[in-house]
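Colleague: Here is what each chain is made of, one letter per residue.
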Amino acid sequence: DAMVIQNPRYQVTQFGKPVTLSCSQTLNHNVMYWYQQKSSQAPKLLFHYYDKDFNNEADTPDNFQSRRPNTSFCFLDIRSPGLGDAAMYLCATSNPGGGNSYEQYFGPGTRLTVT
Amino acid sequence: LAKTTQPISMDSYEGQEVNITCSHNNIATNDYITWYQQFPSQGPRFIIQGYKTKVTNEVASLFIPADRKSSTLSLPRVSLSDTAVYYCLVGDNAGKSTFGDGTTLTVKP
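Quick note, the sequences are listed as chains A and B, same order. Positions in the first sequence are counted from 1; adding 19 to them yields my numbering. Positions in the second sequence are counted from 1; adding 39 to them yields my numbering.
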């Protein structure tokens with residue numbers, strides 16, 4: 020089945036130690052998103068790619084970077100994780116021009132713990 | 040980006056219709072409204088999308104008034120498994136989007 024896959028599902032890293040979260044999709048969608056969701060809060064958009072065009076939200080810290088080497092894969096790099104970066108990180112895709120063209124397809128998320 | 044406001048929580052009973060309203064006063068001309076359902080430790084799941092008037096699918100209806108400054112998700116005959124957080128999302132399909140704070144719906148037997 021076509022889907023959005025996030026690996027790993029759970030990630031533990033140390034304070035200040037760089038970490039990379041990965042997302043892949045088999046939907047061939049143009050747009051890929053990264054959201055941060057903290058406990059009992061709504062998902063917060065960090066950035067998105069429209070094809071290769073990178074769009075950073077104004078309040079996304081510089082500590083967060085992203086790469087999209089091809090249509091299928093997108094990575095979230097946290098250069099120096101702090102305790103406040105512990106959260107669920109959600110990857111999503113969308114296909115402008117598709118049937119429900121505003122639908123975002125979400126992966127299961129990666130829960131990041133910072134020790 | 041349009042700011043969205045939703046009630047924090049709602050309670051209902053099995054078999055009842057539930058209506059959840061989202062306010063988005065600053066919605067832009069190109070913005071659509073979508074609603075998502077999220078269970079604990081899972082990613083949000085799409086429910087319905089709309090631009091104006093009424094949209095209905097197999098699980099829900101979406102009512103959007105002419106001024107588009109709010110929208111109402113209607114869930115007919117809820118069951119216990121509909122207990123979840125419901126989010127409205129306003130944005131265009133080029134990537135700009137804002138989630139509301141979410142409404143925790145609790146369905147009681």
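There's no promise every hint is true.
Stated by the list, open to error - Stretch-level coverage of chain A by chain B, calculated; a stretch enters the list once three of its residues show a Cβ under 8 angstroms from a Cβ in chain B:
id	region
1	88-102
2	124-132
Claimed, not checked - Cut-off 25 angstroms, straight-line C-alpha distance, at most; resulting in silico cross-link-like pairs (PhoX-like, lysine-lysine):
id	chain 1	residue 1	chain 2	residue 2
3	B	K91	B	K147
4	A	K57	B	K93
5	B	K42	A	K63
6	B	K42	B	K93
7	B	K42	B	K135
8	B	K91	B	K108
9	B	K42	B	K147
10	B	K135	A	K63
11	A	K57	A	K36
12	B	K42	A	K57
13	A	K71	B	K93
14	B	K135	B	K147
15	B	K135	B	K91
16	B	K108	A	K63
17	B	K108	B	K147
No lab work stands behind these hints: they were computed from the structure. These numbers were taken from a predicted model, which means no experiment stands behind them. Every residue, glycine too, gets a C-beta built ideally from N, C-alpha and C.
Colleague: Please go over all the hints and tell whether each is borne out by the structure.
Modeller: Cross-check of the supplied hints:
1. Here's how the region 88-102 of chain A fares: 0 of its residues keep a CB closer than 8 angstroms to some CB of chain B, so the rule of at least three is not met and the hint is violated.
2. By the rule of at least three residues with a Cβ nearer than 8 angstroms to a Cβ of chain B, the coverage given for the region 124-132 of chain A holds, with 6 such residues.
3. For the proposed pair B/K91 and B/K147, the alpha carbon gap of about 32 angstroms is over 25 angstroms, so the pair is violated.
4. With a C-alpha separation of about 33 angstroms, the suggested pairing of A/K57 with B/K93 is violated against the 25 angstroms cut-off.
5. Of the supplied pair hints, the one linking B/K42 and A/K63 holds, its CA atoms being roughly 12 angstroms apart against a limit of 25 angstroms.
6. For the hint linking B/K42 to B/K93, the alpha-carbon distance of about 22 angstroms falls within 25 angstroms, and the restraint holds.
7. Restraint check for B/K42 and B/K135: satisfied, since their Cα atoms lie roughly 12 angstroms apart, inside the 25 angstroms limit.
8. A hinted pair counts as satisfied when its Cα atoms are at most 25 angstroms apart, and B/K91 with B/K108 qualifies at roughly 10 angstroms.
9. Taken as a hint, the B/K42 and B/K147 pair is broken in the structure, with Cα atoms around 31 angstroms apart against an allowance of 25 angstroms.
10. This hinted pair checks out: B/K135 and A/K63 have alpha carbons roughly 12 angstroms apart, not beyond 25 angstroms.
11. The suggested pairing of A/K57 with A/K36 holds, with an alpha-carbon distance near 20 angstroms, which does not exceed 25 angstroms.
12. Among the hinted pairs, B/K42 with A/K57 is consistent with the structure: their alpha-carbon atoms are about 19 angstroms apart, no more than 25 angstroms.
13. Between A/K71 and B/K93 the CA atoms are separated by roughly 35 angstroms; this puts the pair beyond 25 angstroms, and the hint is violated.
14. The hinted pair formed by B/K135 and B/K147 fails the criterion: a straight-line CA distance of about 36 angstroms is larger than 25 angstroms.
15. Using a Cα cut-off of 25 angstroms, the hinted pair B/K135 and B/K91 holds, with the two alpha carbons roughly 19 angstroms apart.
16. For the proposed pair B/K108 and A/K63, the alpha carbon gap of about 21 angstroms is at most 25 angstroms, so the pair holds.
17. Of the supplied pair hints, the one linking B/K108 and B/K147 is violated, its CA atoms being roughly 31 angstroms apart against a limit of 25 angstroms.
Consistency note: the structure conflicts with the earlier hints numbered 1, 3, 4, 9, 13, 14 and 17.
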